[in-house]
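Colleague: Listed below, chain by chain, are the residues.
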Amino acid sequence: MKRKTNLAATVALLPTWLVAVVVFIGTMGWSIHLSFTNSTIFPSSTYVGLAQYQKLFSSAKWLASLQNVVTFGILYVGGCLLLGFLLATALDRKIRFESVFRTIFLYPYAMSFVVTGLIWQWMLNPMLGIQASVRSLGWDSFVLDWVVNRDMAIYALVLAGVWQGAGLVMVIVLSGMRGIEAEQWKAARIDGIPVWRIYLSIILPQLGPALAAAGLLLAMGVIKTYDIVVAMTNGGPGNATEVPAKFIMDNLFGRQNLGLATAGATVLVLGVLMIVAPFRYAMHMRGKKRGAR
Amino acid sequence: MARLHPNGPRPTQITAGRIGLYLFLIVAVLFFTLPLYTMVVTSLKTMDEIRLGQIFSLPSKLDVSAWITAWSGACMGTVCVGIRSGFWNSLAITLPSVALSVFIGAVNGYALSLWRPRGASVLFGLLLAGGLIPYQIFLYPMVRAMATVGLYNSLAGIILVHVIFGLPLVTLLFRNYFVSVPEELCKAARVDGAGFWRIFFEIMLPIAVPMVVVVSMLQFTGIWNDFLLGLVFAGRDNLPMTVQLNNIVNTTMGERTYNVNMAATILTALVPLAIYFLSGRWFVRGIAAGAVKG
Amino acid sequence: MKTMIKLFLAGVAFAGVLTPAQAEDKPTIEILSSWTSGGEAAALDVFKTEFEKRGGVWKDSSIAGFGAADAAFQNRIVAGDPPGAKQGIIGLAAADFVGQGLFNAVDDIAKAGKWADVLPKSILDLSSFGGETYLAPTGAHGESWVFYSKDAFAKAGIADEPKSWKEFFADLDKLKAAGLVPVAWGGQPWQQSKVFNMILLSQVGIDGFLKIYVDKDKSEASIAGVRKTLDILRKLNGYVDEAAAGRNWNDATAMLITAKAGVQFMGDWAKGEFTVAGKVAGKDYGCMIVPESPGMVYIADSFYFPKTGTAATDKGQKLLAEIVMDPAVQVAFSQKKGSIPVRLDIDKTKLDACALKGAALMSAGAIVPDQAIVLTPQQVGALDDFVDEFWNNGSEDATAAAEKFFDVFE
Amino acid sequence: MQSAVSIKNLKIAYGDQTVIEEMSIDIAPKEFLVLLGPSGCGKSTLLNAIAGLQDITAGEIWISGKNVTWEEPKDRGIGMVFQSYALYPRMSVRKNLSFGLRVAGLPKAEIEARVSRTAALLHLDTLLDRRPAELSGGQRQRVAIGRALVREVDVFLFDEPLSNLDAKLRNELRVEIKKLHQSLGNTMIYVTHDQVEALTLADRIAILRDGVIQQLASPAEIYQRPANLFVAGFIGAPMMNFIEGHIETGDGAPVFESHGLRVDLSGYGFRTPPASGPATLGFRPDHLMLDGAASGMPTLPGRISVVEPMGSEAVLWFDWAGHSLSLRLMGDVTLRPGDGLSPGLDIAKASLFGTDGSRL
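Residue numbers (our numbering), protein chains in the order written: chain D, 3 to 295; chain R, 475 to 768; chain Y, 607 to 1016; chain A, 150 to 509.
It is possible that some hints are incorrect.
Said to hold, decoys possible - Just so you have them, the derived chain A footprint on chain R, three or more residues with Cβ under 8 Å:
| no. | stretch |
| --- | --- |
| 1 | 669–678 |
| 2 | 751–759 |
Stated by the list, open to error - In silico DSSO-like links for lysine-lysine, alpha-carbon gap of 30 Å or less:
| no. | chain 1 | residue 1 | chain 2 | residue 2 |
| --- | --- | --- | --- | --- |
| 3 | Y | K756 | Y | K841 |
| 4 | Y | K727 | Y | K817 |
| 5 | D | K57 | Y | K756 |
| 6 | D | K57 | Y | K817 |
To be verified - Some, not all, of what chain Y presents toward chain R, calculated at C-beta under 10 Å:
| no. | residue |
| --- | --- |
| 7 | E636 |
| 8 | L638 |
| 9 | G661 |
| 10 | K665 |
| 11 | I669 |
| 12 | A678 |
| 13 | A685 |
| 14 | T864 |
| 15 | A887 |
| 16 | D890 |
| 17 | G892 |
What the hints contain is simulated information worked out from the structure, not anything from laboratory work. Owing to the predicted nature of the structure, the values given are computational and were not obtained by experimental measurement. C-beta: ideal position from N, C-alpha, C; glycine also.
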């Protein structure tokens, strides 16, 4: 009993279906297939079973990159949300020149990750950047060597990422705050609740959807993290800032190891599915309830 | 001290909290502007001054030669025309890519949220997953596919690639927006006899203008700033500005001219920056209008 | 949707129109190189000028950065649309392409030009596969150099170049005492691997070096050599500044130019940076082969010639191969690039002090190839990982690491 | 006579969840039918199915003698008004009204004529060039009604059209809708959860619960003779009073007994011959007489707990045998909380329900 209007919707989605099936599924299938071969620079059809995966998981670089992307992802998304929330709160306090502040906080989002990485690499370079400048002012023991410090380099990436992304969160959260009824403020004021407490206990819980949307936008970039790493640390020092996307790129081209690269890609995709599937399932269930209304 | 007898308007007070607030804002402004400041002053210095290693100091005298070199004189290989040719290439790639991806994404979002044809949720799941996967994985087979259909190294090819990789995010945003549009609007239009496309063009698209602004800006920034796809798919006649920037900035064994690099970097970032500086409030308005929500 | 399809089709048609018509008669070449910076581009221009002078059509598709250029090249091969020539190093990096039958040989040009008589044997061997010559070598870089700032040495009271590692470290102590950064270290994996190799050559000699890298020999002697190399590397770690990680080589060179640091390990391309800053070899800065080294590690660039199926490009490839090996062009190219001509029979009067030292070692055959020439790209990557890990992980035991070194070849 | 709208064995289900059970209704031409029920009862789903906005699982829908079960909404000869007005936000009032006509490709002159006719009817003449955002709630709803009117069709569907308005506007528009119906004479199907709207507007009311029609009858019938406990409790404010008890059918007339109260049921119109057993007695607040004892009615003596004056009338709440009962009184009230009273019950107007909840 399908109607022709629904047919129009189906037809309109055909190009997207094509992309999803041919590009997303097709190439993934192809990648998975190659991950079981010993392909080097060109695809080969000599199957080696799980050898590439064995190699993958005995590679310190790969293991480090997985760990790094998790650390980076959590801190980057969390950092953006936190700073974005704080900035939004500050701008919400009826300050002067709000739009100037807002523009200043938002502009880094227009910068590419490459530029972001390059500039922060400069700023955090101990011989050139902030450390050198502070020391030249006479504070000789000042240390800010994150980019070159094995233990801190990942935080340098986070810092640069937060610089770039916090503004977006700020805008989203600020618009969420402006959408909250003024009466709640009045109620809280009459109850004598301090301002910080209002933001923490009343405003913040209502910003859940806004924060989730902002978080999702940022998270979509995390697994793809590549440009900023290449521009800033190129994975170093040691393996300190190695990330999966870079590992795959290195093996795909520079190291001419298609088999290993596609094995890494497969693992990554499985990881993504493990994140997306439960989320989708929850949404699906919610959608069902909605449809039944 | 005797307290005043309260009378008339309450005097404004400068509280500690207020001072702390502005202090926080000033520190934040420093954090956000320092990098841009550094880039600008470095681009205005001579290389000799840069080698002194005082990156925050103001240039001893303004030297715009780096800017001129970056725009029209910097060499890429044996060609020394600066990044200006890339500027036009970037425009030629970005504008159609943004227009197409926003249009298709809007149609997708509309169809997925208000019509929900069979398989809609499967498709949406696929797109969501596709949006999370690093596109480096798709490069190799995509190159082959594009070559097979004769689009490799062409403007149409790079535009198509940008549209494909832009679809997940754009669709997601539009879907979330249209989900919040009352279904009754769609029903009313159907009672009025409008079909899928008519409802889209005459009713939904006009409603979604704030969203179109936000998504266009996000897409514009993303595509303009892309390096890898442009490098791989555009072909030598269509290389975007970012690839040319890389050719200037990234050198393995050549000498580095930081002032030119910085000038070229700022030039490359200028268009998206201008968009955010000039239309930032439209962006903010679009988001406030519900462009991005859970 | 109709609009989109129309646009799409229009785009396809548009792309078709744009496909350039090939000039049928003229030898044509499209060059894909990573030579984009000043000196490199100037050097490439030497080829271009000569190529055009001889009636060819030259198109430049340079992409900065090895990785980016390699990615672009591989993708164009995959797409069946390779450039006419690709700049790349000689040796194994080209082997896979040749093995797949993707490259044209330039054997006839090589025979006609008697390359066998004028090239060092190792370079010709590494340009040939299955007895046929495929690659046209452009120039070689010496990679066993220690550059030093004469100002810094003077400040630290160092009069002569150190002759042994012992003297070398004594001099580093003096530099440190003078408040300078002893070693301007470029903390990127590829730079570190080069330092590893120059030290290795000084420890195991030419035969030992080739045994390790060519024969993958894991004898006691080889292991001991690697261990001694790692010991020196570890010791050097104490003389670098805290900002070394990730540092570009030219930033390191800048530290010598401003006399903030004493020495830098680097290939001879670093000369370009000194020259740009107005410094003169032998006067403002010095160059020496690393202490105790019997020879020099070298890397040689060449052109690859992918099969394009176009007659004009085939012609262009042969012409380019001739030009690259022309003696006058070799000298002109090397001067701009800061490299050493690969031909042994060229006019050496125009070479600077450092290049002369290198050319002498080359003529004497006291050279060993860079790892990128004798290892697959995968193994090169593994070596980078190995050295980088050792350098950054201060607690790793040199003896254990020396054993592990040979895993690189797996 | 042919039905205007006829629903035959309609069933709607999502997967294994049934929203509308097997349902059949015939709606006569010019009839005003109200679908009434609590939220989630399926009334809106039913309306959407009639409009063609909702796919059905089984059955048929006929409009004006045509089987439209698979027709597009626009081809069904209906107009519809939505709860949220669903005005097209970016179009002026004029464009909103004419959109459907333009889609249908009517001549320009005809469109203009119809729009101005409708605008005049609904007093929208001066608002034609405004955008929906520039209108008040009542004006928006009038535009929404106008959008249905311009279609000049036989059947109008209203989906809770007044529930987003404040009480005053709601009353005004309710009257306007009634006037419209009287002057236009179209068939109207009207969904609401507001019993006042239902009682005032409808020719017939269909009360739905969980996808099943509980009672389909005139407002008076439904108010006076509710078919079951649900209908009885749903209609009427304050709610009908209920007293649990049982029926005794002895030798004489049947009697309802509860907490010492004995009500002679000989005056009650049983549907089926009475039988002994538990039952619920229901009576509306209007059917208790303060001076009932005088006329020999059974009485419910108690004490007043709350007095709710409402201007022309008042509701007295009093306690009787643990029940809180209400009584409606016209005119001024001098009674105060704490006062005793002993109202009489008019059994002829009361309702009795069996254990299954249906009317006896």
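Colleague: For the pair supplied as a hint, D/K57 and Y/K817, confirm whether the alpha-carbon distance does not exceed 30 Å.
Modeller: holds, 26 Å
Colleague: Is the hint on Y/D890 kept, meaning its closest Cβ partner in chain R is under 10 Å away?
Modeller: At about 14 Å, which exceeds the 10 Å cut-off, the nearest Cβ of chain R leaves the hint on Y/D890 violated.
Colleague: Given a cut of 10 Å on the nearest C-beta pair, is the interface hint for Y/T864 held or broken against chain R?
Modeller: With a closest approach of 6 Å, the Y/T864 hint holds.
Colleague: Given Y/A685 as an interface hint, is the shortest Cβ-Cβ distance to chain R below 10 Å?
Modeller: With a closest approach of 3 Å, the Y/A685 hint holds.
Colleague: For the pair supplied as a hint, Y/K756 and Y/K841, is the alpha-carbon distance within the 30 Å limit?
Modeller: Status holds; Cα separation ~23 Å.
Colleague: Going by Cβ atoms only, is Y/A678 closer than 10 Å to chain R?
Modeller: Holds: closest Cβ of chain R sits about 6 Å from Y/A678, inside 10 Å.
Colleague: Using Cβ atoms only, decide whether Y/G661 comes closer than 10 Å to chain R, and label the hint accordingly.
Modeller: violated, 18 Å
Colleague: Is Y/K727 within 30 Å of Y/K817, Cα to Cα?
Modeller: holds, 17 Å
Colleague: If you take the shortest Cβ to Cβ gap from Y/L638 to chain R, is it below 10 Å?
Modeller: holds, 9 Å
Colleague: Would the hint on Y/G892 be counted as holding, given a Cβ-Cβ threshold of 10 Å to chain R?
Modeller: For Y/G892, the interface hint is violated, since the closest Cβ of chain R sits about 19 Å away, which is over 10 Å.
Colleague: Would you settle whether the hint for Y/K665 is holds or violated, based on the nearest Cβ-Cβ distance to chain R being less than 10 Å?
Modeller: holds, 7 Å
Colleague: Against chain R, run the beta carbon of Y/E636 and see if the smallest gap drops under 10 Å.
Modeller: holds, 8 Å
When the structure is compared with the earlier hints, violations turn up for hints 2, 5, 9, 15, 16 and 17 and for no others.
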